[in-house]
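Asker: Residue strings, one per chain:
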Amino acid sequence: DTAVSQTPKYLVTQMGNDKSIKCEQNLGHDTMYWYKQDSKKFLKIMFSYNNKELIINETVPNRFSPKSPDKAHLNLHINSLELGDSAVYFCASSQNLGEKLFFGSGTQLSVL
Amino acid sequence: GEDVEQSLFLSVREGDSSVINCTYTDSSSTYLYWYKQEPGAGLQLLTYIFSNMDMKQDQRLTVLLNKKDKHLSLRIADTQTGDSAIYFCAESMDNQGGKLIFGQGTELSVKP
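Taken in order, these protein sequences are the chains called A and B.
Here the first sequence stands for residues 1 to 112, where the numbers follow the numbering used here.
Here the second sequence stands for residues 1 to 112, where the numbers follow the numbering used here.
Honestly, the hints are just simulated from the structure, not real lab data.
Hints are not guaranteed to be accurate.
[As the list claims (entries may be wrong)] Here are the simulated DSS-like cross-link-like pairs (lysine-lysine), alpha carbons at most 30 Å apart as the crow flies:
no., chain 1, residue 1, chain 2, residue 2
1, B, 70, A, 36
2, A, 44, B, 67
3, A, 71, B, 68
4, A, 9, A, 44
5, B, 68, B, 111
6, A, 100, B, 68
7, A, 9, B, 36
8, A, 52, A, 9
9, B, 111, A, 52
[Claimed, not checked] Listed below are several chain A residues computed to face chain B (Cβ distance under 8 Å; list not exhaustive):
no., residue
10, 41
11, 42
12, 43
13, 45
14, 48
15, 56
16, 90
17, 97
18, 99
19, 100
20, 101
21, 103
22, 106
23, 110
[Said to hold, decoys possible] Here are the computed distance ranges between Cβ atoms for each label pair:
no., chain 1, residue 1, chain 2, residue 2, range
24, A, 9, B, 55, 26 to 32 Å
25, B, 112, A, 38, 29 to 35 Å
26, A, 8, B, 39, 15 to 21 Å
27, B, 8, A, 12, 43 to 49 Å
28, B, 109, A, 108, 18 to 24 Å
29, A, 5, B, 66, 33 to 39 Å
30, B, 28, A, 53, 21 to 27 Å
31, B, 23, A, 84, 36 to 42 Å
32, A, 10, B, 60, 17 to 23 Å
33, A, 112, B, 23, 36 to 42 Å
Small disclaimer: the values here were computed from a predicted structure and weren't measured.
Glycine included, every Cβ here is placed at the ideal spot set by N, Cα and C.
Please work from the sequences and hints to get the whole structure.
Answerer: Set out below in structure tokens:
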């Protein structure tokens, strides 16, 4: 069973569109995250949620809106996609904030 | 400031030891981590060390922590071609909601 699963794995879309990436974890963890990895492999946190409550919002444009319907899910909705949004987006979870994160396999977003 | 630094590339021969180095900035980090990323995959937690430890050994992996110099290293003994990947060092920022700050990753290439 996959511990942290995110869909889709690949997402190709036009500038200006709105898209969502879904993430689910079956580890029973309280905390979930979204990270962005750019073309140089640099990883930066975007958001973290603890028990459905937003903990970290790392100066991400408000076109990005995370939604946590329950503590096992953290979805990422992106409005008005821009070329610079092209990256790999990773979902992760951990039992406590900042401890031993387990990552999903990533969603490669390409904005044309 | 937040800065985790690693060298970008390391090339070794199969059977040799690999040493990947990292420097970090936050002396209050409780945990320091090593993650492995294979091509097209997510990040896999390899090992971690508590900040009150100097060394941790886990099979072929040895982590050394020098808190005074804020230096972390990962030694892989008897490196195999399957160890070829990008290795990320990360520190947890306990005073910033536990977010992980990642280094830029060291690409390890293992030649037969």
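Asker: Hint by hint, note whether the structure agrees.
Answerer: Verification of the hints:
1. B:70 to A:36: holds (26 Å)
2. A:44 to B:67: The given pair, whose Cα atoms are some 24 Å apart, holds under the 30 Å limit.
3. A:71 to B:68: Answer violated: residue 71 of chain A to residue 68 of chain B is near 38 Å, above 30 Å.
4. A:9 to A:44: holds (19 Å)
5. B:68 to B:111: violated (34 Å)
6. A:100 to B:68: Roughly 24 Å separates the two Cα atoms, so the pair holds.
7. A:9 to B:36: holds (19 Å)
8. A:52 to A:9: Holds. Residue 52 of chain A to residue 9 of chain A sits at ~24 Å (cutoff 30 Å).
9. B:111 to A:52: Answer violated: residue 111 of chain B to residue 52 of chain A is near 46 Å, above 30 Å.
10. 41: Result: holds, 5 Å to nearest chain B Cβ.
11. 42: Holds: closest Cβ of chain B sits about 6 Å from residue 42 of chain A, inside 8 Å.
12. 43: holds (4 Å)
13. 45: holds (5 Å)
14. 48: Hint holds; residue 48 of chain A Cβ to chain B Cβ min 6 Å, cut 8 Å.
15. 56: holds (5 Å)
16. 90: Hint on residue 90 of chain A: holds, closest Cβ of chain B at ~6 Å, below 8 Å.
17. 97: holds (3 Å)
18. 99: Hint holds; residue 99 of chain A Cβ to chain B Cβ min 6 Å, cut 8 Å.
19. 100: Hint holds; residue 100 of chain A Cβ to chain B Cβ min 6 Å, cut 8 Å.
20. 101: holds (6 Å)
21. 103: Holds, about 4 Å.
22. 106: Check passed: Cβ of residue 106 of chain A comes within 5 Å of chain B, closer than 8 Å.
23. 110: violated (14 Å)
24. A:9 to B:55: 26 to 32 Å: Distance hint for residue 9 of chain A, residue 55 of chain B is violated at roughly 38 Å.
25. B:112 to A:38: 29 to 35 Å: holds (31 Å)
26. A:8 to B:39: 15 to 21 Å: Holds - the Cβ-Cβ distance for residue 8 of chain A and residue 39 of chain B, about 19 Å, lies within 15 to 21 Å.
27. B:8 to A:12: 43 to 49 Å: violated (29 Å)
28. B:109 to A:108: 18 to 24 Å: At roughly 23 Å between Cβ atoms, residue 108 of chain A and residue 109 of chain B fall inside 18 to 24 Å, so the hint holds.
29. A:5 to B:66: 33 to 39 Å: holds (38 Å)
30. B:28 to A:53: 21 to 27 Å: Taking Cβ atoms as reference, residue 28 of chain B and residue 53 of chain A lie about 23 Å apart, which means the hint holds.
31. B:23 to A:84: 36 to 42 Å: For residue 84 of chain A against residue 23 of chain B, whose Cβ atoms are near 29 Å apart, the range 36 to 42 Å is violated.
32. A:10 to B:60: 17 to 23 Å: violated (33 Å)
33. A:112 to B:23: 36 to 42 Å: Given about 38 Å between the Cβ atoms, the range holds.
Comparing the model with each numbered hint stated earlier shows that hints 3, 5, 9, 23, 24, 27, 31 and 32 do not hold.
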